[in-house]
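K.L.:
Given chain A's structure and the hints, the job is docking chain B onto it.
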Amino acid sequence: MRERGRERRIAGGVAIGGLGMSDVYSMVLAGGVGSRLSILTEQRAKPAVPFGGKYRIIDFVLSNLANSGYFDAALLTQYRPLSLIEHVATGRTWDLDRSLGGLQILQPYLEAETGEWYRGTADAVYRNLLQIAQRTSVADVLILSGDHVYAMDYRPLVRFHREHRFPATVAVTPLEDRDPRQFGVVETDSNWQIAGFEEKPAQPRGKWASMGIYVFRRDILTRLLREDAADSESDHDFGKNIFPRLIRVADVGAHVFEGYWQDIGTVEAFYEANMKLLDPAHIDAVARPSWPIRTPSVDAPPARVTTEGGVVRSLIANGAVVRGHVEDSILFPGVVVEEGATVRGSIIMNGCGIEAGSRVERTILDKRVRVGRGASVGGDGAAPVNRRVPDLLANGLTLAGKSVIVEPDARVGRNVCLGGFARIPSGTSVEDGEYVDGDLPATLRLSAGSVRGSP
Amino acid sequence: MKRVMAFALAGGRSSGLSVLAQTRSVAAVPFAGKFRLIDFTLSNCVNSELYTVAVLAQYAPLSLAAYVGRGEPWDLNRRDGGVTVLQPYVRQEGARWYEGTADALRQNLDVLENSGAERVFVLSADLVYKMDYSWVLEHHWASRAEATLVTGRVPYGEVSRFGMLDADPEGRILGYVEKPGSSPWPWAFMGIYLFETAFLKQLLLETRGADLIIDVLGPRLGQDERLRAYFYEGYWDDMGGIREYYRAHQRLLEDPPAPDLYDPEWRIYSRSEEMVPALFEPSARVERSLFANGARVAGNVERSIISPGVHVDRGAIVRDSIILNGSRVCHGAVVERAIIDKDVVVGAGARVGRMAEASEITVIGKGAEIHPGAAVAPGSVVPVALSALLDAGART
Numbered sequence: 001m002r003e004r005g006r007e008r009r010i011a012g013g014v015a016i017g018g019l020g021m022s023d024v025y026s027m028v029l030a031g032g033v034g035s036r037l038s039i040l041t042e043q044r045a046k047p048a049v050p051f052g053g054k055y056r057i058i059d060f061v062l063s064n065l066a067n068s069g070y071f072d073a074a075l076l077t078q079y080r081p082l083s084l085i086e087h088v089a090t091g092r093t094w095d096l097d098r099s100l101g102g103l104q105i106l107q108p109y110l111e112a113e114t115g116e117w118y119r120g121t122a123d124a125v126y127r128n129l130l131q132i133a134q135r136t137s138v139a140d141v142l143i144l145s146g147d148h149v150y151a152m153d154y155r156p157l158v159r160f161h162r163e164h165r166f167p168a169t170v171a172v173t174p175l176e177d178r179d180p181r182q183f184g185v186v187e188t189d190s191n192w193q194i195a196g197f198e199e200k201p202a203q204p205r206g207k208w209a210s211m212g213i214y215v216f217r218r219d220i221l222t223r224l225l226r227e228d229a230a231d232s233e234s235d236h237d238f239g240k241n242i243f244p245r246l247i248r249v250a251d252v253g254a255h256v257f258e259g260y261w262q263d264i265g266t267v268e269a270f271y272e273a274n275m276k277l278l279d280p281a282h283i284d285a286v287a288r289p290s291w292p293i294r295t296p297s298v299d300a301p302p303a304r305v306t307t308e309g310g311v312v313r314s315l316i317a318n319g320a321v322v323r324g325h326v327e328d329s330i331l332f333p334g335v336v337v338e339e340g341a342t343v344r345g346s347i348i349m350n351g352c353g354i355e356a357g358s359r360v361e362r363t364i365l366d367k368r369v370r371v372g373r374g375a376s377v378g379g380d381g382a383a384p385v386n387r388r389v390p391d392l393l394a395n396g397l398t399l400a401g402k403s404v405i406v407e408p409d410a411r412v413g414r415n416v417c418l419g420g421f422a423r424i425p426s427g428t429s430v431e432d433g434e435y436v437d438g439d440l441p442a443t444l445r446l447s448a449g450s451v452r453g454s455p
Numbered sequence: 001m002k003r004v005m006a007f008a009l010a011g012g013r014s015s016g017l018s019v020l021a022q023t024r025s026v027a028a029v030p031f032a033g034k035f036r037l038i039d040f041t042l043s044n045c046v047n048s049e050l051y052t053v054a055v056l057a058q059y060a061p062l063s064l065a066a067y068v069g070r071g072e073p074w075d076l077n078r079r080d081g082g083v084t085v086l087q088p089y090v091r092q093e094g095a096r097w098y099e100g101t102a103d104a105l106r107q108n109l110d111v112l113e114n115s116g117a118e119r120v121f122v123l124s125a126d127l128v129y130k131m132d133y134s135w136v137l138e139h140h141w142a143s144r145a146e147a148t149l150v151t152g153r154v155p156y157g158e159v160s161r162f163g164m165l166d167a168d169p170e171g172r173i174l175g176y177v178e179k180p181g182s183s184p185w186p187w188a189f190m191g192i193y194l195f196e197t198a199f200l201k202q203l204l205l206e207t208r209g210a211d212l213i214i215d216v217l218g219p220r221l222g223q224d225e226r227l228r229a230y231f232y233e234g235y236w237d238d239m240g241g242i243r244e245y246y247r248a249h250q251r252l253l254e255d256p257p258a259p260d261l262y263d264p265e266w267r268i269y270s271r272s273e274e275m276v277p278a279l280f281e282p283s284a285r286v287e288r289s290l291f292a293n294g295a296r297v298a299g300n301v302e303r304s305i306i307s308p309g310v311h312v313d314r315g316a317i318v319r320d321s322i323i324l325n326g327s328r329v330c331h332g333a334v335v336e337r338a339i340i341d342k343d344v345v346v347g348a349g350a351r352v353g354r355m356a357e358a359s360e361i362t363v364i365g366k367g368a369e370i371h372p373g374a375a376v377a378p379g380s381v382v383p384v385a386l387s388a389l390l391d392a393g394a395r396t
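Residue numbers (the working numbering), protein chains in the order written: chain A, 1 to 455; chain B, 1 to 396.
Incorrect hints may appear among the rest.
Short, incomplete list of chain A residues facing chain B, as computed with Cβ under 10 angstroms [what the hints assert, rightly or not]:
1. R159
2. P180
3. Q182
4. S290
5. R294
6. A300
7. T306
8. I316
9. A320
10. R323
11. L444
One-sided and incomplete, this derived list gives chain A residues near chain B with beta-carbon spacing under 10 angstroms [to be verified]:
12. K54
13. E199
14. V286
15. S297
16. D299
17. L440
Simulated from the structure, these hints should not be mistaken for laboratory data. Bear in mind that the values here come from a model prediction, so they are computed numbers and not experimental data. Backbone N, C-alpha and C fix where the C-beta goes; we use that ideal spot for every residue, glycine too.
The following block holds chain A by itself, in its conformation from the complex (with noise of 0.2 angstroms):
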């Protein structure tokens, strides 16, 4: 009934196409958790995450698609998508506001009386497959990541993925020292069709790495998910099993991209992609001029630095203001470091306070966290990995979730987890590997059910 009434519309003409619109869609998933992010994705969806100093992650995809000049774009979303959608708004930061195409930002929707939430990335994208069936001049489908760190022009990829006529392609990157435990790891023969693949293996055979990110012909992929989504068996998602599937129907390319590229999986991977920024060759590479990555810029006057010798090897953004020491940092807008303040190899985001002879180190603070004068966060060196999340938090970063408060003279060790809104009291301790819960306050909570799909 559902399908045939899905037909009928586009048969009636509200079918979108011709001049103007480009022949490539993009669908950007960006519905995911994200849990390994810790708190940084307690409150926002993964690819909100803020990163470099001003960006957020979605950044990067939306920049190259306004780059590659492929401004026909979806963004799949699901999980807490408040922060991404005030972000995002219409896609004017990147141009993505159009009159024909432009960027649209895909929710999860009621059909009927019954509706569900998307099962994965490939259901993400079945259920909306209609957006794919009425762009009549659509050739390619484009499905990219929303958190992923990268500069990439997309048209070299759609440009092989054509000429070579390949019915689905896959963007690799050189394995080389990524742990392939991680990753779809790929085989090509001489002509980079892909001959063999495996799934996060422990002794691959192929030296490439599958980035996630596909073109795929449009008859190819609507088939493909519409076969997934009959398939009781099937999580239906890209990377396990639209893409094995996939290889086993049909020819699928490999197209390399060399360029710098981070999946932004880990609080690990996290804080590495961000402090690789400090590295001045590296920074060139990913937000060059004539590929600059946009962000809806918050208007604040430059960095302010008081002190003598104040700041090294650092990225400041504007609107900060610094009277204590910087080392090896991201400070994001609005940070204030107050005098005799230390902050040494940390990422301090929006309007962060660090008062008068406090120290932090190796410490990642979401948005808003105070450190009381004369206290500390974090430190330096190995130290026993934290009780609640151990894969999480194991090299001694330590992290505090937004609005936290660390009282004056309170110490916080390596390891160690800060939920929102957790207030550490002054002169208080908290070992390392400690795990605090946050506190939200009850004006932020949604009531339990409040969720639950009624219209």
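P.N.:
Quick look at chain B alone, frame taken from chain A:
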């Protein structure tokens, strides 16, 4: 503000700002690392809820028009009102440049007429200040004035740059002297007016002179009870010349700075380029300075303003200077007490200006190239590069 509009006078060609105003109108001169002078006026309008603004541009109007655009950075892209840049245009009776403030308004009386505004602010767009115009409006209303002139304090040593006003505590204007040698009154006219629309129209049509304060209002000042003064007590500075421009930047480096650009209650908006945050390399040594996004610092920077895209290479020294967008100070170069306009290259080992307190400020025009090892004497002005002049119409 309902039924109120503003004309922002973007100025003609100011000689005071030397080569800084050669490729752009004064209102478009960069300020504080990421702003332009007109940002203060437009931001004050928006923060005062005054949403209909016409910018009157004469000199190099293209750059200003491109910068203001549809007014999005200031939230002035509106269905009703918003911002427009009005350039001189050809009429049936022929084309004329704006000959002065009054003339510019006279040529655009139709804009005022069509706006339906009952009151109109006339603002000078080359001031650095934060002012809530609604206070002026309130005072104007309460004193039943036909015209209110906004005055601000200036030090006695500087009265010769201003028109000085005498007024009683209620704001009745008792006298006015243009650029006097000395003045018993500390109140300078700031170039900010609020008029009843009908009164302004009548004045403009009855008089012939080109200048609003001298020719049109001058004869009435001290004679007409309907002209009132408003006393503004906050920080303001006019960018009358290189010395004032330089001094205003030095005040930004004081703690606390004046004006406070970091005040969330009265933000100054601007249209900025998309650039990565300022990057400080391991060899950077910085002290008491402002750094805009896009700055790249590997050398020494002290008491200076570093604008977007400026590179200070390793081994370079910048002291007490203002470096505008996209310029580069190469290895071993020393820049002291200088203002360096956009896209300048100070070659390796070159020397620009000198620290001595007494030495004059050195100014390097847009796009100029200082050759490696060259020395630019303190107080000299290096002209704008020809290439920068050629595209001055397109961008600044």
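K.L.:
Decide, hint by hint, whether the structure agrees.
P.N.:
Checked hints:
no., hint, verdict
1, R159, "violated (27 angstroms)"
2, P180, "violated (32 angstroms)"
3, Q182, "violated (28 angstroms)"
4, S290, "violated (12 angstroms)"
5, R294, "holds (5 angstroms)"
6, A300, "holds (8 angstroms)"
7, T306, "holds (5 angstroms)"
8, I316, "holds (5 angstroms)"
9, A320, "holds (8 angstroms)"
10, R323, "holds (8 angstroms)"
11, L444, "violated (21 angstroms)"
12, K54, "holds (6 angstroms)"
13, E199, "violated (36 angstroms)"
14, V286, "holds (8 angstroms)"
15, S297, "holds (7 angstroms)"
16, D299, "holds (5 angstroms)"
17, L440, "violated (24 angstroms)"
Hint compliance for this structure: hints 1, 2, 3, 4, 11, 13, 17 are not met, and every other hint is.
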